[in-house]
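Trainee: Sequence:
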Amino acid sequence: ILGQQITVKAATTIACRFAEAFGEEIRTPIPELTKLSPLASKVAAATIDDVARLGIVSARSASIIALAKAYHSGALILEAGSNPEAVIAKLVELPGIGQWTAHYIAMRALRWPDAFPKEDIAVRNKLGGVSAKQAEAMSQAWRPWRSYAVLHIWRSL
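Heads up, the sequence shown is in the numbering used here, so the first residue is 5 and it goes up one at a time.
Accuracy of the hints is not assured; some may be wrong.
Beta-carbon label-pair distances, calculated as ranges [as the list claims (entries may be wrong)]:
id, residue 1, residue 2, range
1, Thr-16, Ala-141, 29 to 37 Å
2, Trp-158, Glu-97, 32 to 40 Å
3, Thr-51, Glu-140, 14 to 22 Å
List time: in silico DSS-like cross-link candidates among lysine-lysine, alpha-carbon distance up to 25 Å [to be verified]:
id, residue 1, residue 2
4, Lys-73, Lys-39
5, Lys-73, Lys-94
6, Lys-13, Lys-39
7, Lys-94, Lys-39
8, Lys-130, Lys-13
9, Lys-94, Lys-130
10, Lys-94, Lys-46
Derived by calculation from the structure, the hints in this document are not laboratory data.
Being a predicted model, the structure only gives us computed values, none of them experimental.
Where is the CB? At the ideal position from N, CA and C, for every residue including glycine.
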């Protein structure tokens with residue numbers, strides 16, 4: 005969610021701010037590594053203003069908090085082995101989470117090898133500027149490994 009509709013560089017900056025604000029301190033031999041990823045319980049307890057002051061628009065801040073609340077309450081299980089289609093369906097019910105974000109979460113958090121964010125403009129451009137529907141149809145040849153194809157395309161950029 006942090007990286008929706010912004011550059012990778014901007015997303016990295018915001019992710020660092022987010023970890024600094026909500027992550028627990030950790031000691032490591034790496035000077036730059038001082039915080040753990042924030043716990044869902046801490047983010048779920050945050051206000052929209054707490055998150056927005058990090059440079060995250062209010063609507064996206066609300067999405068982040070909603071995701072944290074769903075995970076923290078147990079309504080959403082984000083673990084490898086979970087049913088990816090069921091998780092995607094639950095994710096898109098949350099405010100501000102569409103198919104692209106849901107598939108990205110399935111790819112990363114669930115380690116689902118067949119996630120395919122068909123709306124991804126970079127993927128569609130690499131496939132010849134096709135529509136999302138056309139990209140979905142073309143991707144059927146890569147099943148059940150579409151996540152790897154997407155990662156390969158992203159890496160080629």
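Trainee: Now look at each hint and say whether the structure bears it out.
Mentor: Quick rundown of the hints versus the structure:
no., hint, result
1, Thr-16 x Ala-141: 29 to 37 Å, "33 Å, holds"
2, Trp-158 x Glu-97: 32 to 40 Å, "27 Å, violated"
3, Thr-51 x Glu-140: 14 to 22 Å, "38 Å, violated"
4, Lys-73 x Lys-39, "21 Å, holds"
5, Lys-73 x Lys-94, "13 Å, holds"
6, Lys-13 x Lys-39, "19 Å, holds"
7, Lys-94 x Lys-39, "29 Å, violated"
8, Lys-130 x Lys-13, "22 Å, holds"
9, Lys-94 x Lys-130, "29 Å, violated"
10, Lys-94 x Lys-46, "21 Å, holds"
In this structure, the hints that do not hold are numbers 2, 3, 7, 9, in rising order.
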